[in-house]
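If you want the building blocks of each chain, they are given just below.
Number of protein chains: 2
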Amino acid sequence: MGVPQPARAGDQDRQPVVGMVGGGQLARMTAQAAIGLGIEFRVLADTAADSAAQVSAHTQTGDYHRADDLLAFGAGCDVVTFDHEHVPGEHLAALEAVTAVRPGGPALRFAQDKAAMRDRLSALRSLRALGAACPRYRPVSNPDEVASFAAQGEGWPVVLKATSGGYDGKGVWICENESSAADVIAHGIGLLVEEYVAFDRELAVLVARSPKGQGAAYPVVQTVQEDGICREVIAPAPDLDPSVAMRAQQLGLTIAAELDVTGLLAVELFAVGDELIINELAMRPHNCGHWTIDGAITSQFEQHLRAVLDLPLGAPAPTSATAVMVNVLGGEPDLYSRLIHVMAADPGVKVHLYGKAVRPGRKVGHVTVAGEDVAALRDRAWRTANYLSHGTED
Amino acid sequence: MGVPQPARAGDQDRQPVVGMVGGGQLARMTAQAAIGLGIEFRVLADTAADSAAQVSAHTQTGDYHRADDLLAFGAGCDVVTFDHEHVPGEHLAALEAVTAVRPGGPALRFAQDKAAMRDRLSALRSLRALGAACPRYRPVSNPDEVASFAAQGEGWPVVLKATSGGYDGKGVWICENESSAADVIAHGIGLLVEEYVAFDRELAVLVARSPKGQGAAYPVVQTVQEDGICREVIAPAPDLDPSVAMRAQQLGLTIAAELDVTGLLAVELFAVGDELIINELAMRPHNCGHWTIDGAITSQFEQHLRAVLDLPLGAPAPTSATAVMVNVLGGEPDLYSRLIHVMAADPGVKVHLYGKAVRPGRKVGHVTVAGEDVAALRDRAWRTANYLSHGTED
Chain A
645 MGVPQPARAG DQDRQPVVGM VGGGQLARMT AQAAIGLGIE FRVLADTAAD SAAQVSAHTQ
705 TGDYHRADDL LAFGAGCDVV TFDHEHVPGE HLAALEAVTA VRPGGPALRF AQDKAAMRDR
765 LSALRSLRAL GAACPRYRPV SNPDEVASFA AQGEGWPVVL KATSGGYDGK GVWICENESS
825 AADVIAHGIG LLVEEYVAFD RELAVLVARS PKGQGAAYPV VQTVQEDGIC REVIAPAPDL
885 DPSVAMRAQQ LGLTIAAELD VTGLLAVELF AVGDELIINE LAMRPHNCGH WTIDGAITSQ
945 FEQHLRAVLD LPLGAPAPTS ATAVMVNVLG GEPDLYSRLI HVMAADPGVK VHLYGKAVRP
1005 GRKVGHVTVA GEDVAALRDR AWRTANYLSH GTED
Chain B
645 MGVPQPARAG DQDRQPVVGM VGGGQLARMT AQAAIGLGIE FRVLADTAAD SAAQVSAHTQ
705 TGDYHRADDL LAFGAGCDVV TFDHEHVPGE HLAALEAVTA VRPGGPALRF AQDKAAMRDR
765 LSALRSLRAL GAACPRYRPV SNPDEVASFA AQGEGWPVVL KATSGGYDGK GVWICENESS
825 AADVIAHGIG LLVEEYVAFD RELAVLVARS PKGQGAAYPV VQTVQEDGIC REVIAPAPDL
885 DPSVAMRAQQ LGLTIAAELD VTGLLAVELF AVGDELIINE LAMRPHNCGH WTIDGAITSQ
945 FEQHLRAVLD LPLGAPAPTS ATAVMVNVLG GEPDLYSRLI HVMAADPGVK VHLYGKAVRP
1005 GRKVGHVTVA GEDVAALRDR AWRTANYLSH GTED
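Listed in order, the protein sequences are those of chains A and B. Using our numbering, the first residue of the first sequence is number 645, and each one after it goes up by one. Using our numbering, the first residue of the second sequence is number 645, and each one after it goes up by one.
Be a bit skeptical, because a hint or two may be false.
[What the hints assert, rightly or not] Computed spacing ranges between beta-carbons, pair by pair:
#	chain 1	residue 1	chain 2	residue 2	range
1	A	Asp1023	B	Gly797	54 to 62 Å
2	A	Arg845	B	Pro882	38 to 46 Å
3	A	Arg710	B	Val816	39 to 47 Å
[Unchecked claim] Pulled from the structure, derived: some chain B residues nowhere near chain A, Cβ distances all over 10 Å:
#	residue
4	Leu681
5	Asp827
6	Glu839
7	Asp844
8	Ala860
9	Pro882
10	Arg950
Simulated from the structure, these hints should not be mistaken for lab results. For every residue, glycine included, the Cβ atom is placed at its ideal position computed from N, Cα and C.
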């Protein structure tokens, strides 16, 4: 399937319509990127107050759990894509019968179901040639299975992961013993146990792939997560062996091709020496790529749109030696009132606010600083993000 | 007046509301910049099909010639600003009684009335110290006055300019003789005659000024106009003597302060040797600053919002050695269909489409290429703009 054709006849100047399911900040920033491409961008949001709904001229409110809402939304779009991976698989199949869906359901399944993802990636010999592997894993349904998995490997701790979704906003638990594993299992959700990887650092690679099969890889970044939330991204990852960086990019492009991903694919990695351990996959714009808005020729949001529209991909090259992105987490209310301080303190920092109500720990924005010296850029980005969050620079 | 306060009480997390009168591409690109600032951006557009209305979540349709429409729009905004300078002066005064208007009516008058602008600037001694001057000029109402103006100076040609507005989409006429001047005067509009300036090249300086009085100047650019339409901007202007560049920036900042401009001020200049002749003023985002979206730390659209919100201004520094912007003029229909070619041909070019129906010669988008070598960047930008316009690279 090539560039989507206008759905209405007789309207030669009509632009294609891209619909994104989900109204979060990823859809908000994609809406921003869509403006320059001259396309019509629609959002299916839960409410009109959602982050993306606030800024999109074409918002439909609806429930992505309901096939009717999804199909009504999809019927008006040339392509449907996603701000999250929570649309049920059977609805994706129904949607694919009425419009182009990118990534498609069979690919998206591997971002929805961690057991399926592990099974699929573990079977890919091409990953081993790239010095990449999955952690040891197995599906579990009782504490004995977890204990036996621990005993067969390095012992405790082990990591329990919800196969899909999660419980109370969490999907990953580090368990130090059988008793804490039993507490997680008591929630009654599908679970996977994985070995705990004592990583040197976390990396991420972001690639795009179009339906025609064109691929593009952004520079490999270093990420820092705290309590399962991304806090900082440094692009490119400092002091990364160029051969490891290249292997990581090949890994991203290989997985995208093998899984027939269209749009963006983010691969979160643990670096252990020169080995790359695959942690998670996401098939959408991703927090590890927010720096590209201010630090790359083509932002990840424009790139995702180009990919799902089957347009040629844009240059993923950085526009400065380094960029540092730090997320702004919810702290004090009235975020906007603190803009005046950070803008006066650092006229070169780029602030991105998401229009979300402030709740403690929630991602409500991010800041990016681009330049040369990593330490200085980190200092500026953290001061800004901290002040925006809670009114002090540390 | 500082940062606008929330108009509704009891809503601590509310962002300020900026309203822009006019729904053209300047409002469209300002809407794009507003997304990152987390503010609410509203547009008063003629129709829901206007360039900005297509992408703005908060469009009101109305007629800016009608005080009722303007006041209803302004009542919901913390600050009102403009995509054009056509709002009648008496309506501006009425609007200022209900909300903050930036730039204010007294400043905007100098962008609306060329006779008032010439009188005001000619009286500014500070401009002479900067090696800047206005062309010789006088208001005229009959062909004899034009002939006498020509005879008193360098002779023909002379330039006739509509004092405000214009006739049939035109506001500037180069007249070679009294007979062609008589044809223009026959339209019955207010006119100014100016000496014809045989310039070496055209330059423009873009500055921002906030209500607090903070100023920021972008690098001086070289512009090329054809038939009164901006075609190409090179930032910074190649081979410009640094002392001339500094004088031009000081000129912009001085005029902004003297005229009490809030928001952006663009000053179009003729360069004659080292002398700077002031051609036109605009108090809004301007075509000479489109390159800043892809080539400066702070885009002119974000800068305008920061200035009218009285937020500290952003860094105007360029992010690359050179950026070249070329406008895409209307040529063949179905502009979008040619994106695939230009994106494949040059993955590093930034395309901005305005969602406007294609009409011959109309500005329907622009392209920017940033990098090092001016000649190579110009070549890439023109190939892209030409192909988008009419399907060939020249």
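Hint by hint, here is what the structure shows:
1. A C-beta distance of roughly 60 Å is found between Asp1023/A and Gly797/B, which places it inside the suggested range of 54 to 62 Å.
2. In this structure the supplied range 38 to 46 Å holds for Arg845/A paired with Pro882/B, their Cβ-Cβ distance being about 44 Å.
3. The given range of 39 to 47 Å is broken by Arg710/A and Val816/B, whose C-beta atoms sit roughly 58 Å from each other.
4. The claim that Leu681/B lies off the interface is violated: its Cβ sits roughly 6 Å from the closest Cβ of chain A, which falls inside the 10 Å cut-off.
5. With a least beta-carbon separation of about 36 Å from chain A, Asp827/B lies farther than 10 Å from that chain, consistent with its non-interface assignment.
6. For Glu839/B, the condition that its CB be more than 10 Å from all CB atoms of chain A holds, with the nearest at approximately 40 Å.
7. The Cβ of Asp844/B sits about 32 Å from the closest Cβ of chain A, beyond the 10 Å cut-off, so the non-interface label holds.
8. The Cβ of Ala860/B sits about 8 Å from the closest Cβ of chain A, inside the 10 Å cut-off, so the non-interface label is violated.
9. For Pro882/B, the shortest C-beta to C-beta distance to chain A comes to about 21 Å, beyond the 10 Å cut-off, and the non-interface label holds.
10. With 10 Å as the threshold on Cβ separation, the claim that Arg950/B sits away from chain A is violated: the shortest Cβ distance comes to roughly 7 Å.
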